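J.: Construct the complete structure from the given sequences, taking the supplied hints into account.
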Amino acid sequence: MKEKVHKLLALARDRQGTPEGETFENKAFELMAKYGVSAAALAAEGASAHGAGAHAGSSQIKRHKQEFNGAYSDMQFALFNGLSAALHCCTLRFKVRGSVRVEEAIMFGRPHHVDRVIMLHGLLVSHMLAGAYDASRPARVVGISVQTQRRSWMTGFVASVCERLADIERAHAVEYSTENTAGTLVLQSDEKLAMAAAAAEFPHAQSSRMGRRRLDPNSFASGAATGETMDLGQTRVSHRRALTSR
Numbered sequence: 001m002k003e004k005v006h007k008l009l010a011l012a013r014d015r016q017g018t019p020e021g022e023t024f025e026n027k028a029f030e031l032m033a034k035y036g037v038s039a040a041a042l043a044a045e046g047a048s049a050h051g052a053g054a055h056a057g058s059s060q061i062k063r064h065k066q067e068f069n070g071a072y073s074d075m076q077f078a079l080f081n082g083l084s085a086a087l088h089c090c091t092l093r094f095k096v097r098g099s100v101r102v103e104e105a106i107m108f109g110r111p112h113h114v115d116r117v118i119m120l121h122g123l124l125v126s127h128m129l130a131g132a133y134d135a136s137r138p139a140r141v142v143g144i145s146v147q148t149q150r151r152s153w154m155t156g157f158v159a160s161v162c163e164r165l166a167d168i169e170r171a172h173a174v175e176y177s178t179e180n181t182a183g184t185l186v187l188q189s190d191e192k193l194a195m196a197a198a199a200a201e202f203p204h205a206q207s208s209r210m211g212r213r214r215l216d217p218n219s220f221a222s223g224a225a226t227g228e229t230m231d232l233g234q235t236r237v238s239h240r241r242a243l244t245s246r
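Letter 71 of the sequence shown, counting from 1, is numbered 71 in UniProt numbering, and no numbers are missing.
Hints were generated in silico from the structure; no laboratory data involved.
Don't take every hint at face value.
To be verified - Here are the computed distance ranges between Cβ atoms for each label pair:
#1 VAL146 / PRO203: 37 to 47 Å
#2 ASP14 / ASN180: 38 to 48 Å
#3 SER99 / LEU215: 18 to 28 Å
#4 LEU11 / ALA71: 23 to 33 Å
#5 LEU215 / VAL96: 15 to 25 Å
To be verified - Cross-link-like lysine to any residue pairs, in silico, SDA-like; alpha carbons within 25 Å at most:
#6 LYS192 / ARG170
#7 LYS192 / ARG212
#8 LYS62 / MET119
#9 LYS7 / SER207
#10 LYS62 / SER207
#11 LYS192 / ASP115
#12 LYS62 / THR184
#13 LYS27 / THR184
#14 LYS7 / TYR133
#15 LYS192 / GLU104
#16 LYS192 / PHE94
#17 LYS65 / THR229
#18 LYS192 / PRO203
Since the structure is predicted, the reported quantities are computational estimates derived from the model, not experimental observations.
C-beta atoms are modelled at their ideal positions from N, C-alpha and C, and glycine is treated no differently.
T.: Here it is, written out as structure tokens:
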């Protein structure tokens with residue numbers, strides 16, 4: 001399934017900004033949404049076969065450590081955290097003190113949600129970095145540093161993509177329904193269990209915002225427009241923030 005998604009996104013990138021590109025991107029993310037539903041159904045069947053409920057608690061929560069390397073690790077994390085929030089997981093950030101550099105993140109969530117975050121981040125992060133580099137212009141021409149342009153572009157991209165992904169999840173929520181529980185409540189329960197697992201392992205973690213930076217509105221809009229071509233169907237942003245472990 002990962003290979004199918006990768007091929008669709010590769011085709012979409014080759015046709016970026018065209019109706020054909022939007023079609024390929026939409027197919028890729030719809031496939032990911034359906035994968036989450038199918039994996040959840042299989043997990044529920046397995047739990048029932050062993051005499052447990054479909055949502056038996058923290059024993060069905062997966063823990064994943066994600067390392068960040070190379071340039072703009074803070075923006076790589078921003079994408080990872082945005083995908084995590086859209087897909088009902090909880091992520092903690094571990095950064096270098098006194099620096100914007102993020103070393104790693106630890107994510108908690110249902111296995112079928114965690115797997116999708118990992119897959120999507122792996123496929124999207126290269127698109128994000130390449131797009132930001134391609135879109136930046138010399139500072140002497142626009143009067144804004146290249147770093148500010150790139151971070152602003154990536155901020156717009158992340159916001160747009162994750163808004164749309166969250167809305168696709170809402171559109172598929174009914175498919176997570178069980179005999180006794182509406183799909184929306186199932187997904188809310190998934191998120192609460194993920195947050196509880198994170199709090200249990202890191203009881204002293206604190207909520208934190210990323211530091212304020214100068215934002216170039218033109219670069220932000222350009223990144224958001226590229227995110228729009230990742231046709232995920234979202235209209236709203238998930239506002240849940242990550243926890244920060246210090």
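J.: Give a verdict on every hint.
T.: Comparing the hints with the structure gives:
1. VAL146 / PRO203: 37 to 47 Å: holds, 41 Å
2. ASP14 / ASN180: 38 to 48 Å: Holds, at about 46 Å.
3. SER99 / LEU215: 18 to 28 Å: Holds: the Cβ-Cβ distance is about 20 Å, inside 18 to 28 Å.
4. LEU11 / ALA71: 23 to 33 Å: Since LEU11 and ALA71 have Cβ atoms about 27 Å apart, the given range 23 to 33 Å holds.
5. LEU215 / VAL96: 15 to 25 Å: holds, 23 Å
6. LYS192 / ARG170: holds, 16 Å
7. LYS192 / ARG212: Violated, because 28 Å separates the two Cα atoms, which is more than 25 Å.
8. LYS62 / MET119: holds, 15 Å
9. LYS7 / SER207: violated, 37 Å
10. LYS62 / SER207: holds, 21 Å
11. LYS192 / ASP115: holds, 18 Å
12. LYS62 / THR184: Measuring from Cα to Cα gives roughly 20 Å; hence the hint holds.
13. LYS27 / THR184: Measuring from Cα to Cα gives roughly 23 Å; hence the hint holds.
14. LYS7 / TYR133: At roughly 23 Å apart (the allowed maximum being 25 Å), TYR133 and LYS7 satisfy the hint.
15. LYS192 / GLU104: holds, 22 Å
16. LYS192 / PHE94: holds, 21 Å
17. LYS65 / THR229: The given pair, whose Cα atoms are some 30 Å apart, is violated under the 25 Å limit.
18. LYS192 / PRO203: holds, 15 Å
The structure is inconsistent with the numbered hints 7, 9, 17, although it conforms to all the rest.
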